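Student: Place chain B on chain A using the hints.
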Amino acid sequence: MTKKLSDETDVRAATEPFQAEFPYERDEEAQVTRREFCNFLGLTSAALFAGAAGFAAKAALDERESVSLPAARIDGAESLAPNSSLNFSYPTERDSAILIRTADGAYHAYGQKCTHLSCPVYYAHDHQRLECPCHEGAFNAATGDVLYGPPPRPLDAIEIEMRDGQIWAIGRTPSSSEVGG
Amino acid sequence: MLVMINIAQLWILAATVDAALGRHYPVLVPLVVASGVCFIITLSIIKWWRPTSRRKTSTGYVRDPR
Chain A
1 MTKKLSDETD VRAATEPFQA EFPYERDEEA QVTRREFCNF LGLTSAALFA GAAGFAAKAA
61 LDERESVSLP AARIDGAESL APNSSLNFSY PTERDSAILI RTADGAYHAY GQKCTHLSCP
121 VYYAHDHQRL ECPCHEGAFN AATGDVLYGP PPRPLDAIEI EMRDGQIWAI GRTPSSSEVG
181 G
Chain B
182 MLVMINIAQL WILAATVDAA LGRHYPVLVP LVVASGVCFI ITLSIIKWWR PTSRRKTSTG
242 YVRDPR
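Chains as they are written, first to last, in our numbering: chain A, 1 to 181; chain B, 182 to 247.
Excised from the complex, chain A in its bound form:
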């Protein structure tokens, strides 16, 4: 006794002769009904919405969270010649940073990770700017702003302070402004 296929609610019972001759397993073909597929897409939509909301909430929490970092003396900074740089670590040993003394004698410090793909930037004293060797990005030595290249935002700034003739790192400010924004 064969049963005629009427609609998707009855699709699992389809046993017409032409269906039997067709070289696909009818049971496998009918594993997902249209309604089940729509429900799956609805769940996917809910998951994508939850993911977007979760990421936004996490970012908002991170923005509000203020972490006070310990001050650390930068060894050798006092004897740094103008138009040269010195590498140091701040706030932990794993966070490499670069201290620059520009030609006018002013000190500036930045996180050493390029904001493009985290390559270490270096001070190109010939051009008096910070350059990334990986993808040819460059940053202003006095402000940390992007001069050109693929980096999407300025370098993280490290706050420095002069105490009794010594240079101390006292905080780190993640950059947030977009290039041109």
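You can take every hint at face value.
The following label-pair restraints were derived from C-beta to C-beta distances:
1. B/Val184 to A/Glu65: 31 to 41 Å
2. B/Val210 to A/Glu78: 38 to 48 Å
3. A/Arg94 to B/Val184: 40 to 50 Å
4. B/Ser239 to A/Glu65: 55 to 65 Å
5. A/Ser84 to B/Val184: 55 to 65 Å
6. B/Ile188 to A/Asp145: 28 to 38 Å
7. A/Lys58 to B/Ser239: 43 to 53 Å
8. A/Gln166 to B/Val210: 43 to 53 Å
9. B/Ile221 to A/Gln166: 52 to 62 Å
10. A/Thr173 to B/Asp199: 13 to 23 Å
11. B/Val218 to A/Asp75: 53 to 63 Å
Keep in mind that the hints were calculated from the coordinates and are not lab data.
Treat the numbers as computed from the prediction; the structure is a model and nothing was measured.
Where is the CB? At the ideal position from N, CA and C, for every residue including glycine.
Tutor: Okay, now just chain B, sitting in the frame of chain A:
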């Protein structure tokens, strides 16, 4: 239509992750709202869409005889 909305939401999620990691906070709320609108449209389609071959009766949707 539902697949297209899912693809749009996937794109919005990628933009949200990119904005969160890049600390572009002002764009996060519009992105989440856009994703929420897509989700509401998806729910609406799933709840109310029926094939044109169906006819609404007092007992629900039935298929017209051929």
